[in-house]
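A.B. asks: Chains A and B, in that order, give the protein sequences. Letter by letter, the first sequence follows residues 1 to 222 of my numbering. Letter by letter, the second sequence follows residues 223 to 519 of my numbering.
No wet-lab data here; the hints were simulated from the structure. For clarity, every value in this text was computed on a predicted model and none was experimentally measured. Accuracy of the hints is not assured; some may be wrong.
So, partial list: chain B residues that the calculated Cβ filter (under 8 Å) puts toward chain A [stated by the list, open to error]: (1) V240; (2) L242; (3) E248; (4) T284; (5) E315; (6) D489; (7) G499.
In silico negatives: residues of chain B with every beta carbon more than 10 Å from chain A [to be verified]: (8) D283; (9) G363; (10) E392.
Glycine included, every Cβ here is placed at the ideal spot set by N, Cα and C.
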Amino acid sequence: MTDLLAFLRTHLPALVEGLRVTLQLTLGGAVVAALLGVAAGLGRRSRSRWISWPAHLYVEIFRGTSAMVQLFWFYFALPFFGLGLPALVTGVLVLGLNSGAYFAEVVRSAIAHVDRGQWEAGRALGLDDRTILSRVVMPQALAMMLPPAGNLLVELMKNTALVSLITLSELTFATQVQRAATLQTVPLFALALLVYFAVAQVLLTGVRRLERRVTAYRGLRA
Amino acid sequence: MPLLRRLTWALPAVLLLVWLWPRPGELERGAMTGGDALARIREAGVARIGFANEAPYAFIDTTTGRLTGEAPELARLVFRQLGVREIEGVLTEFGALIPALKAGRFDVIAAGMYITPPRCAEVRFSDPTYAIGEAFIVPAGNPLDLHGYEDLRDTPGATIGVVTGAIQLEYARAVGIPDDRIRIFPNAPSAVDGVSAGRASVYAGTDLTVNDLLRRTTAPLERAEPFDDLVIDGQVVKGYGAFAFRPDDTGFRDAFNQVLGATVGTDTHLALVEPFGFGRETLPGPITALELCQGSS
């Protein structure tokens, strides 16, 4: 027991600093992903090619290439073209772009799954398309989006471990640094696993609460 | 009650955001290249140095949080004489040091990096600050009886563990160890754990890295003794570690190198690096970066 306390006292402060970076990337990335996902998801439905093609291109490029290579490219290659973003900004941006591409597909399919009759009914009542989308279709689509969005959020949180490649000391890298000092590989990685698990549980609880609220707002049972 | 219930959520959320909000300096690490590097560093008062957390060359002392080791301590000394008060460490994996330097993520690599002709094509080195040999970490009792690179090559089924981007991969290939018997690990602790777990027969590292790792680990491992000197092209191979700069920063490198030349070998220098296992016997002698880049060692 005293061993465990001594172990935690030695390593926990550094891991908490690492956790801070992990959470910065997760929350920052989630905001970027939410904005881009909704924009690209709606964009792909647009009748104008000038909107739907770029949205399509974005989704395919970021879904179709390795997140690790994207990080490398943004961090090590872009400076040669005059764009040397700080490490944290690069991490948030790339993780957000990546998750956003997947989220765009979630948004697109959720909207497509709202019954066509809802659009027809809206038009019959004299509503314009924008109003139907924002007041009738989106609230229903939102309820369908949330469970897969929760999955993506946890996925994003775990992907943050990739950013150690670009000089950010997030949880995994902080664990590596502690490990280099004491070579206590097994307990240190066990601790890191527990921390990731705990964070994932908090994120999922948050998403579930949101789900309940959205379904309650629509007058449905969860 | 709804107000109170909302507060129980809002307060932790606000505290979390305050904690997560980037602190001063955290966002100012954009890439910077071009112009007079030394003038820019002097103006900022801070030199950014890249390192890979490899003791005893450059590592974070986890008890104090201080960046220390042979290279950072020497860099501090030299930079002070150049009128730069502080150094700031940028931690990255060893294999990413050169790309990060070239992308302007820091101003100089201070990781005890060896001068090698392929690296000379990418970066500009200072003159060396130390010279050391090679060693193996093996399981206790050295079950495969391995005492050097040739030994390992001639032992069927023996595998060699090396770190990404580190010199030992080149040594292994130069000696003729086939690629399917080379295991590449992301960092030295992983390579050591790899030997413990039977993923590789040996970890091949520098003399001092091996000593340092064995001092820390509790696993049943040992240094392969005796160890045959590595001979490539008829010459005993020694590693010469130095600081590395961007190719364009010649003025900066020359100024740094001049102060460095007047420092290496002095009592101040020796006192500074002795805690890390370096000393008079690891001094590089009169050899220069230029000679090492041309491949004479």
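A.B. asks: For each hint, tell me whether it holds in the structure or not.
C.D. replies: Hints and how they fare:
Evaluation of the V240/B hint against chain A yields a violated restraint, the C-beta minimum of about 11 Å exceeding 8 Å. For L242/B, the suggested interface contact is upheld, since its CB lies about 5 Å from the closest CB of chain A, less than 8 Å. Checking E248/B against chain A: minimum C-beta separation of about 6 Å stays under 8 Å; hint holds. Taking 8 Å as the C-beta contact cut-off toward chain A, the hint placing T284/B at the interface holds, the least distance being around 4 Å.
Evaluation of the E315/B hint against chain A yields a held restraint, the C-beta minimum of about 7 Å falling below 8 Å. Hint status for D489/B: violated, given a least beta-carbon distance of 29 Å to chain A, over 8 Å. Here the hint on G499/B is broken, as its CB sits about 16 Å from the closest CB of chain A, past 8 Å. Residue-level check failed: D283/B sits 8 Å from the nearest beta carbon of chain A, not beyond 10 Å.
Consistency note on G363/B: stated as away from chain A, and its beta-carbon is indeed over 10 Å from all of that chain's, at 20 Å minimum. Even its closest Cβ contact with chain A, about 22 Å, leaves E392/B beyond 10 Å, as expected for a residue assigned away from the interface.
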